[in-house]
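Participant: Listed below, chain by chain, are the residues.
Protein chains: 2
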Amino acid sequence: MIKIAIDAMGGDFAPEQQVKGCILAIKNIADIELTLYGDETEIRKYLTDDTRINIVQSDGVIDMGEKDPIAAIRNNRKSSMALALSSVRSKENSAIVSSGATQALIAGAHILVGRLKQMKRTAIAPLIPTINGSNTILLDAGGNLEIKPEYMVQQAHFAQVYSKEVLGVKNPRLGLLNIGTEPGKGRQLDKDVFNLFTDNEKINFIGNVESKEILDPPCDILISDGFTANMVMKTIAGTAKGMGKMLKSELKQGFFGKLGMLLSARNLKRFKQKLNPEEIGGAMIYGLKGVVVKAQGSSTDIGFYNAIKTAATIVRQDVLEKVKNILESDVL
Amino acid sequence: MIKIAIDAMGGDFAPEQQVKGCILAIKNIADIELTLYGDETEIRKYLTDDTRINIVQSDGVIDMGEKDPIAAIRNNRKSSMALALSSVRSKENSAIVSSGATQALIAGAHILVGRLKQMKRTAIAPLIPTINGSNTILLDAGGNLEIKPEYMVQQAHFAQVYSKEVLGVKNPRLGLLNIGTEPGKGRQLDKDVFNLFTDNEKINFIGNVESKEILDPPCDILISDGFTANMVMKTIAGTAKGMGKMLKSELKQGFFGKLGMLLSARNLKRFKQKLNPEEIGGAMIYGLKGVVVKAQGSSTDIGFYNAIKTAATIVRQDVLEKVKNILESDVL
Numbered sequence: 011m012i013k014i015a016i017d018a019m020g021g022d023f024a025p026e027q028q029v030k031g032c033i034l035a036i037k038n039i040a041d042i043e044l045t046l047y048g049d050e051t052e053i054r055k056y057l058t059d060d061t062r063i064n065i066v067q068s069d070g071v072i073d074m075g076e077k078d079p080i081a082a083i084r085n086n087r088k089s090s091m092a093l094a095l096s097s098v099r100s101k102e103n104s105a106i107v108s109s110g111a112t113q114a115l116i117a118g119a120h121i122l123v124g125r126l127k128q129m130k131r132t133a134i135a136p137l138i139p140t141i142n143g144s145n146t147i148l149l150d151a152g153g154n155l156e157i158k159p160e161y162m163v164q165q166a167h168f169a170q171v172y173s174k175e176v177l178g179v180k181n182p183r184l185g186l187l188n189i190g191t192e193p194g195k196g197r198q199l200d201k202d203v204f205n206l207f208t209d210n211e212k213i214n215f216i217g218n219v220e221s222k223e224i225l226d227p228p229c230d231i232l233i234s235d236g237f238t239a240n241m242v243m244k245t246i247a248g249t250a251k252g253m254g255k256m257l258k259s260e261l262k263q264g265f266f267g268k269l270g271m272l273l274s275a276r277n278l279k280r281f282k283q284k285l286n287p288e289e290i291g292g293a294m295i296y297g298l299k300g301v302v303v304k305a306q307g308s309s310t311d312i313g314f315y316n317a318i319k320t321a322a323t324i325v326r327q328d329v330l331e332k333v334k335n336i337l338e339s340d341v342l
Numbered sequence: 011m012i013k014i015a016i017d018a019m020g021g022d023f024a025p026e027q028q029v030k031g032c033i034l035a036i037k038n039i040a041d042i043e044l045t046l047y048g049d050e051t052e053i054r055k056y057l058t059d060d061t062r063i064n065i066v067q068s069d070g071v072i073d074m075g076e077k078d079p080i081a082a083i084r085n086n087r088k089s090s091m092a093l094a095l096s097s098v099r100s101k102e103n104s105a106i107v108s109s110g111a112t113q114a115l116i117a118g119a120h121i122l123v124g125r126l127k128q129m130k131r132t133a134i135a136p137l138i139p140t141i142n143g144s145n146t147i148l149l150d151a152g153g154n155l156e157i158k159p160e161y162m163v164q165q166a167h168f169a170q171v172y173s174k175e176v177l178g179v180k181n182p183r184l185g186l187l188n189i190g191t192e193p194g195k196g197r198q199l200d201k202d203v204f205n206l207f208t209d210n211e212k213i214n215f216i217g218n219v220e221s222k223e224i225l226d227p228p229c230d231i232l233i234s235d236g237f238t239a240n241m242v243m244k245t246i247a248g249t250a251k252g253m254g255k256m257l258k259s260e261l262k263q264g265f266f267g268k269l270g271m272l273l274s275a276r277n278l279k280r281f282k283q284k285l286n287p288e289e290i291g292g293a294m295i296y297g298l299k300g301v302v303v304k305a306q307g308s309s310t311d312i313g314f315y316n317a318i319k320t321a322a323t324i325v326r327q328d329v330l331e332k333v334k335n336i337l338e339s340d341v342l
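Top to bottom, those sequences are chains A and B.
Note that the numbering used here has the first sequence beginning at 11, numbered continuously upward.
Note that the numbering used here has the second sequence beginning at 11, numbered continuously upward.
Some clues are possibly wrong.
Identical copies go unnamed one by one, so any copy, or any two together, can satisfy a pair.
Claimed, not checked - Cut-off 30 Å, straight-line C-alpha distance, at most; resulting in silico cross-link-like pairs (DSBU-like, lysine-lysine):
| hint | residue 1 | residue 2 |
| --- | --- | --- |
| 1 | LYS255 | LYS268 |
| 2 | LYS282 | LYS13 |
| 3 | LYS262 | LYS282 |
| 4 | LYS279 | LYS258 |
| 5 | LYS255 | LYS195 |
| 6 | LYS332 | LYS174 |
| 7 | LYS251 | LYS30 |
| 8 | LYS180 | LYS255 |
| 9 | LYS101 | LYS55 |
| 10 | LYS195 | LYS88 |
| 11 | LYS201 | LYS77 |
| 12 | LYS222 | LYS77 |
| 13 | LYS101 | LYS262 |
| 14 | LYS127 | LYS195 |
| 15 | LYS282 | LYS255 |
| 16 | LYS282 | LYS258 |
| 17 | LYS222 | LYS212 |
| 18 | LYS262 | LYS88 |
| 19 | LYS262 | LYS279 |
Honestly, the hints are just simulated from the structure, not real lab data.
Required output: the full structure, derived from the provided sequences and hints.
Facilitator: Have a look at this one:
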């Protein structure tokens, strides 16, 4: 049995959607057992079946808009997020899934789970959809706004293992997000890391990739510093949202337009589905001593279920051990 | 008469689309006179009417994929781009429009037109569409990958004048592209420039803006360093392109889907139009002693015409003088 800790109280629609996501997960994944950390009375409201589900009472919640995440964790050691994280450190559980505040989860994971000694910086790695239906790993959407090139090499190794073991890509290709494709493009950081990637035999580096190929990239992993990747991720979201609004307002113009939109309704819905981050599953935080998966703050049951599925796969494939082996054998 | 120099040979479809764009401009803008620099024989093939149009023979073209733009300009002083730029320096013309290679145009403008002494770095400022139909100025999509905060203040002043005089915005609002809205977010550069903007009475600064609001921003100008803004611009393009492909393949599924798409054809076309950079007009290069407008490399006649219209407006509104006055009165 793969034992997974659930932060039942974190998220915009917690605990309802989290609990429903857990029920979906138990139904669909045979080898998992879940421990939900949260308010038992609240959780029981939505828990129609507690097969392979345990509940541990928590006290206090980390606010979604938390301004000082480190203090929030320190002052809320009995919160659902803190208890769930601690249970991974103590090996009671092999993974944690949370849709709580991202910065609090990262800070909490550092304090309560601990960083792998082989990785100098943690990274958060969401998946972005591509036009052919596969997903690209985007690094780093986390907190390393200014980072050293050698730390990006460690993140690249991690992403390669993840891509292979969790996403099933045979020989994952890494691309450096840059403003031009030629070698030598970009800032000093980009030039330096380009050279490190090129010289590293264990990295399948294809060179610079421009963000105009963001939904149809020639690689499986896209890497940049935390500021840039975060900016790119939010630009994709903003463009998709803006285009969706424009499309809707244009499509319903005129009689034929309205009729056409009616007939296209099912296809338009499927289109929206394709771009839905809920379908993709959570983002793993790379570089920790345990498996920490962040689900979207706005997760509904499906999104949360997908994040649990991701966590189970990471544990089943023994991703952390494989990453450690590669990092230890890679002398920088 | 506003005299405008045209680089007739620069661009993916030059000189045909450039010449046709000039004809459109002459028809629609009464107070302009155009001088086309290029191969006269080639130009005459498409020039059905030469009212208010002059031709100056050039020799050599700056290649669109030019790797060393400075050398390209230095070694091609008789090229259409170089001759057109020089005619602005010598005041024969008040502006130049080119859809030639961006980096060559920026380098050529530095060498042949010269930088304003009040601005330490030039910037290229494209317009991006918003969902309500207006346009946002995005700074800097040019070459300043690593820039000092005080130079960004100069660019902000320029953008405010441009927004007011060329785009007709009464009291243009400036937003700093950042990964969060709270003050104190971002890299050291972002924190420093945030403070400079806040302290500057002549800048109508609204604070940090996240890129998830990129097509519906709460401001008229969005600013960041050249690396970030370039990345954001290309991410918008890549997402729009990818979404367009996904939409098309989803919409045509099934019988009702095909019928619906047929009925929606006109509206879908208008949707594409809205996102078409051709409709927006060129991007001015800020910080030069003359008016230099870059049209898209892939410009067709409409796109090139819109860039000429932009150049004429910049000259008519005396943008450069107004910028100089503000920069001189703003003691940093």
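Participant: For every hint, state whether the structure bears it out.
Facilitator: Each hint, compared with the structure:
no., hint, in the structure
1, LYS255 x LYS268, "both (15 Å within a copy, 22 Å between copies)"
2, LYS282 x LYS13, "neither (33 Å within a copy, 49 Å between copies)"
3, LYS262 x LYS282, "both (17 Å within a copy, 15 Å between copies)"
4, LYS279 x LYS258, "both (12 Å within a copy, 13 Å between copies)"
5, LYS255 x LYS195, "between (35 Å within a copy, 28 Å between copies)"
6, LYS332 x LYS174, "within (11 Å within a copy, 58 Å between copies)"
7, LYS251 x LYS30, "within (27 Å within a copy, 36 Å between copies)"
8, LYS180 x LYS255, "between (38 Å within a copy, 26 Å between copies)"
9, LYS101 x LYS55, "within (29 Å within a copy, 78 Å between copies)"
10, LYS195 x LYS88, "between (48 Å within a copy, 29 Å between copies)"
11, LYS201 x LYS77, "between (34 Å within a copy, 17 Å between copies)"
12, LYS222 x LYS77, "between (33 Å within a copy, 20 Å between copies)"
13, LYS101 x LYS262, "neither (55 Å within a copy, 51 Å between copies)"
14, LYS127 x LYS195, "between (32 Å within a copy, 28 Å between copies)"
15, LYS282 x LYS255, "both (12 Å within a copy, 13 Å between copies)"
16, LYS282 x LYS258, "both (12 Å within a copy, 12 Å between copies)"
17, LYS222 x LYS212, "within (27 Å within a copy, 35 Å between copies)"
18, LYS262 x LYS88, "neither (51 Å within a copy, 53 Å between copies)"
19, LYS262 x LYS279, "both (15 Å within a copy, 13 Å between copies)"
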